[in-house]
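Could you fit the two chains together into a complex? Lean on the hints.
One line per chain: the protein sequences are D and F, in this order. Under the numbering used here, the residues of the first sequence are numbered 1 to 647, in order. Under the numbering used here, the residues of the second sequence are numbered 1001 to 1236, in order.
By construction, these hints were calculated from the structure, which means they are not laboratory data. The beta-carbon is built from N, C-alpha and C at its ideal position, and this holds for glycine as well. Errors might be hidden in some of the hints.
[Unchecked claim] Once the Cα atoms are required to be at most 35 Å apart in a straight line, the calculated DSBU-like pairs of lysine-lysine come out as: (1) Lys6/D <-> Lys1045/F; (2) Lys395/D <-> Lys1137/F; (3) Lys1188/F <-> Lys6/D; (4) Lys1052/F <-> Lys6/D.
[What the hints assert, rightly or not] Calculated Cβ distances over 12 Å to all of chain F for the following chain D residues: (5) Asp65; (6) Ala81; (7) Lys310; (8) Ala545.
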Amino acid sequence: MSNLRKYFALSSVIFLIVLALAPFKDYFQEWKSYQNQYNVLVNDLPQRVTPVPIGIKQLWIPKFDRVDRCVTCHLGMKEEALKNVRQPFTTHPHMYHDVEEFGCTFCHEGQGSATEYKESLGKVKFWDKPIFPKEFMEASCAKCHKEQIIPQAPILTLGRKIIQESNCAGCHKIEGYQKQWVPPLDGIGSKVNRTWLVNWLKNPKAYSPKTRMPNFLLPEEEANILADFLMTFKELPNGVTLESAPAVLTSASEAVKAKMIDLGSTRFKEARCISCHTVNGKGGYVANELGKVASKDNKEWLYNYIKNPKHISPDVAMPRFRLKENELTGMVAYIESEFVDYEMEAQPEHTPDPAFYEKGLALFKKYNCNGCHELSAAHKSEEVGPELSLIGSKKIYEIDFGKTTIDQSLPSYIHAKLATPRIFSPAMKMPNFQFTDEEMQAVTVALLGNTNETIPEEYIVHAKPKSTFVPQGEFGKIVKDLACMSCHVMNGNGRLVATDLSMEASQVQRKWVEGYFKVPYSLRPILTERMPNFFLPNDEIKTIADYMEKVFVVDSLDHEITKDAASVSKGKGLYFEKFGCQSCHQISGKGGYVGPPLDKIGSRLKGGWIYHWLKNPQAYKPESIEPDNKLTDEEAEDLAAYLISLK
Amino acid sequence: MKKFFEKIFQSKVWRSIFRHGLPVSNRTRAEAVFYNFFLHVHPTKVRKRSLKFTYTWGLGGLSVGLFIVLVFTGALLMLYYRPSVAQAYWDMKDLQFVVSSGQFLRNMHRWAAHAMVAIVFLHMMRVFYTGSYRPPKEFNWVIGVMLLVITVLLSYTGYLLPWDQLSYWGISVGTNMVRSVPFGIGDKISFLLLGGNSVGENALVRFYVLHCFIIPVAAMVLMGIHFWRIRKDGGV
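Next comes chain F alone, as it looks inside the complex (with noise of 0.2 Å):
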């Protein structure tokens, strides 16, 4: 049984896509961290406290793992979605009475969203209360705020999607609020924002856009920046 597996381990296929041989010394160890794609921004070495739960609560985890279950509903979601006024609201009837588990697709997608600012936030406050802001990862800090408000305006920008009178009002309360931002660039913003002055066709192709493209580009790589400072730093 043993020389089976060494043989497979041993084989050309084998070794062409793992290119170290087993972690049996320090060495190797190190090796399957660097030369693994996934593996390559953890550090070589973690501290034994780190690990435990309650020192992060696995929130900044979580709040990864709730976005890839959100890239993932929302791409199925996507396939019957059309971002315009006169089919938006009966696609969403459509996903919920006729696509096979369409309503578990959305429900999925609405509660991992609203999960996800909640934990994004309490991930702010355990850095926050726990000083893990404090040199030298300030500037991991600033990435932080930056994604926490990408998943606020990711949050907000699938609200309008629907196109429901809930959706219509809070887009319209929100672009309104946009507006009183002094020196006239409120209300550049808010045009730039619903491309004109009223909710209509053009916001919703432009919150969809940004929805689904723009801002989900934004928080990849401000997350793979989060993410690779916090291995060199030592965290998990």
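Chain D extracted, bound-state conformation (with noise of 0.2 Å):
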């Protein structure tokens, strides 16, 4: 009994005790702490900043519905002063947005209405928003952000673009983004031949390092199988035949041979192919690989495409180049003679499945091959993999990390799945993109960004609505049988690879563009992309200017110029001595390379244009270097009379 009473004794002394600690517990915090070793440090600065008044801190965000107390503790955010101390106190990098409107967790993540360092890092049960570590900072700018290039946000305008270009959207239905164009795989029985398909399945980036197709994993019978299936589709869509390859490319003696080669290879270097193509990975990135293309495509198919490519395939971006009967053919047999891969892998022997055609099916449908490419034989794809508009507010429970012990986290389960896609599960279809870790880091980004957060309208930044202008008439003919806007833009619709023809006739004279299309020239020496040579006949190129003059003008750009000689002795005093363009541009041979050279530049430019772009390049062109001098209209006037006068 005594005992017992020792025990309660005890026992209530301990309760007691532990009942007066909870209040000296709550007096003891963390954060207590900081502002107290905060208000010492400056107190110790040089500078002068103001120490705080102890006690918690927040900013109240009721749009974003967000309470974030991260400022109770990072007191010294907007103190320039503070710039190299310690965390939690140092400065806060260039912000671009106020804190006060956004506050802290909008961007950052993590759990804003805590007061404790590890809670408010939010790797804690029952967060779901850890803090987003720096790599992956930017996907909070895509919750507003669906603008497709934002400059301070180059990760994420990465990211964007490769989901853009790898087609995710083909397997993946993902808001924002479109199936893009692939070769249809009708026809490609006719193409191809079995052994270069055996191994392009097996790998297509062996065969071309910047392919865009993935690498399924196929294993060597399901690779087989799925060639004998695709090498039955000998016929081309609607209904297209190809014509035989010219006799002459078979039964030409050496010399002959040996001088249609010849040809071919002049055309192929006037023609520019590589501006758009690689060749063993040197060119253009906007085409395919043509360094071993002798060995995949045959005599026929090349002969046919080369002549007429939007016959065979209608969607292509491939340009009709106007050559003569000799002229094609002496391109087919240099491409035949230059461009053979002798470390082709051979294949085995090889007898086919009594049932390779369901077989194959089966298998072109499993790993969704009609996602990307078109086959008569399958229906359209049903999208197969999960949908990814919102996967960026996928919650941790509902991941399954399968056997693997990386990073319980989104970012890193991303991560993880795009380095190596079946790393949660065998069963799992997506194939290997073969990214770098840059590309990986970008991607992640913007899948991260796909939140299904509500934000006030005001905030969101929409992508421009797109330009649907697409010449029509004759000239809209000739673009789009030379592709032209696969490199250039008019009136906000293309890409821009090369320039922006909106206003090209208000800024270049016409003899300069007929002159151009006979012999096309880069304007600077330092860019990679080269315009083609089409060999347009007369009657084109008349159109094409005709069409230019008429539409692609901005009247605002006309100026009269007076081309008197005293005006031009001042631009070329202007020229010489006070902006020192030489510095960036050559006239006969001296002067920097930063800008294109300015000889016979007369020849070529409006003086209206030069005038208005001297006074305010950027308003034209944003991203251009061309410093803004602040010119004088005299001054711009008699600056483009000395340049127009360089004839």
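See below:
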């Protein structure tokens, strides 16, 4: 009995102590210690920084339904004087948005309401959004910024571009991304050979390192069945038939052949095929690799394709070069002789599986090949991958990490999935895109940005509505045939690889345009893309020049320049002395090479354009590095007069 | 000194509060119990052996002690908590992070709740194994069982209030289990509990009212009867 009383007494005392500790625990909180440390720190600084009164501080953002107490400890965020002090007191790096308006967790995530370090990071139970690691921060920009290019968020911008170009939308539904054009597979049996196809299916990047086709990690057997299946599709879509290749390609004597190859080689260079195509990795990035194309495509197909690409494949961006019959044959002969893959892995003798067609079709559907490639035998794809429009809001408990031991968070899940697509279960079908680390990071960022958060409409920056301008009529036909808009922009539509043509006729002289199509040259020696030579006949050049003169004009660029000698010499003085233009531009071989050379500029540009351009270059090309020298009207006129005198 | 105290005990104020005199005789000792609100449920006489700790292990007393702790901390928690879908979880977070001793309050409430369920259960086991349910105490056993059910219900209704994933799915599972009661009764009860067909705003308000008012009041009434009966039967 007395023992029991002792225990009772002891436990009472223990409980009393515990109870007494509770208010102490409340008094000695982490954040109070930080605030005291901060006050000590700012007292010691040479600059004057106001100490803070002790107490919880918070940013209340009712619009986003957030309360962020990060500022309880991050006290020096706006104090420039604290740039070099330790965390949590240091100055925030450049902020694009007002912290009073947006709070902290809107961009950083984490648990804003917390007042303890560990809890604030949000890597705790029942918190779905832990703080973003620095490398994935830009994902938050995506919540509001729906526009294509966000200069302040280069990683996000890159990620969105990769998602678009890798055609993720082929298998996954993702809001804001459209399926890209990919060659349809009807007729592939008349185009490629089986050996190439098997090798390609097994590892596309071995043939062309820059291809967008991912590696489906097919086992040997599946690759063979799929190749047998695909080789049965010999008929081109829309009932198009291939002309047989000229007999001379096979029957010609060695001497004739050498001549043919010589001609083909010349035309290949003149046409500047490598402006768009790469040859063994060198060249443009617009079109596909040609270095081993002769081991892939047969003569007949090459001949028909170069002759009229859009006849074979209506949506392809390849222009139709105006080649004569012998030039065409020469080109094919040249390709056949030059672009051979001598290292192509030979395939062993192979007897097709008796049920290869059915099995092949099943595989075709299993890997959702028709998510990207059209094929008449398979119906439109059912998007087999999960929708990714809201993947950034996926909760951790919704994710199956399989048997992996990676960090249990959404960014590492997405990153691991991109690096090793079937890491979480061998039954998964996602192919390997073989992204670089930088690309994986960018794609992860872009995907993390797809959240279900509701943002007030006034904060959303929408993508600019895409221009649907497509020139019609005679000019339209030429534009389509030459795929001009694969490189040039016209009235907001097209891909900007080369120049924007929307005000071309106000910028350049008609005579120069006509001459340019005869011998296209690059205006800047440092650029790699070069205008191909289409070998256009005169009447087509006339149509182009006529159309441009009537449509690609901006009236406000008209400006009469008086070309008297006084004005020209004043302009010359301005050029060489006042503004030092020669540091970037060359005239008769002297000067810098950053800007285009200005020899004969007077035969190319119109005076009005030079005048307006000099006055405010960024108004016409925001990314231009041409300095805005704030020229007076008179200076601009004189300088323009001097430049157009350079004929 | 003695005189001083005697003067106080004889004063008008003291006598208006404690009508009986000092417990010096058996009569005044009995009066001290009868006339005191807090003591009047006590039996006037208790058997000495029932005072032994191991006789009851004090489990009933511990249960009511925990109940008092729960009422006290619960009332304080009610000051900060709003039973609405938009606010409930954030109020909990605020309790955790910014209310003075808020986390301590929550923890007290939670641990006392867990302990109460366990101790009430142990209490029932003790009563069962010592045969204390035998006549004339059968009815008090029944009330005791009702109190056990009420304790469990209090615990269950409180589970939803934090409005996190655990609560949401806990209540979803629980009310779906109710649904399997046959003859369509289950669906009706579940609908009544949730104020709808799924766990949402209505369910939260209903569970809040049940947890903070209806069930505690029922518990107090039943406890009153429970204690009164024990005392009349000579228990502590």
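Status of each hint after checking the structure:
For the hint pairing Lys6/D with Lys1045/F, the CA-to-CA distance comes to about 27 Å; that is within 35 Å, so the pair holds. With a C-alpha separation of about 54 Å, the suggested pairing of Lys395/D with Lys1137/F is violated against the 35 Å cut-off. Using a Cα cut-off of 35 Å, the hinted pair Lys1188/F and Lys6/D is violated, with the two alpha carbons roughly 54 Å apart. At most 35 Å may separate the alpha-carbon atoms for a hinted pair to count; Lys1052/F and Lys6/D meet this at roughly 15 Å.
With a least beta-carbon separation of about 8 Å from chain F, Asp65/D fails to lie farther than 12 Å from that chain, contradicting its non-interface assignment. Listed as a non-interface residue, Ala81/D keeps its Cβ farther than 12 Å from every Cβ of chain F; the least gap is roughly 29 Å. Lys310/D, annotated as away from the interface, keeps every beta carbon of chain F farther than 12 Å; the closest lies near 56 Å. At roughly 65 Å from the closest C-beta of chain F, the C-beta of Ala545/D stays outside 12 Å, upholding its exclusion from the interface.
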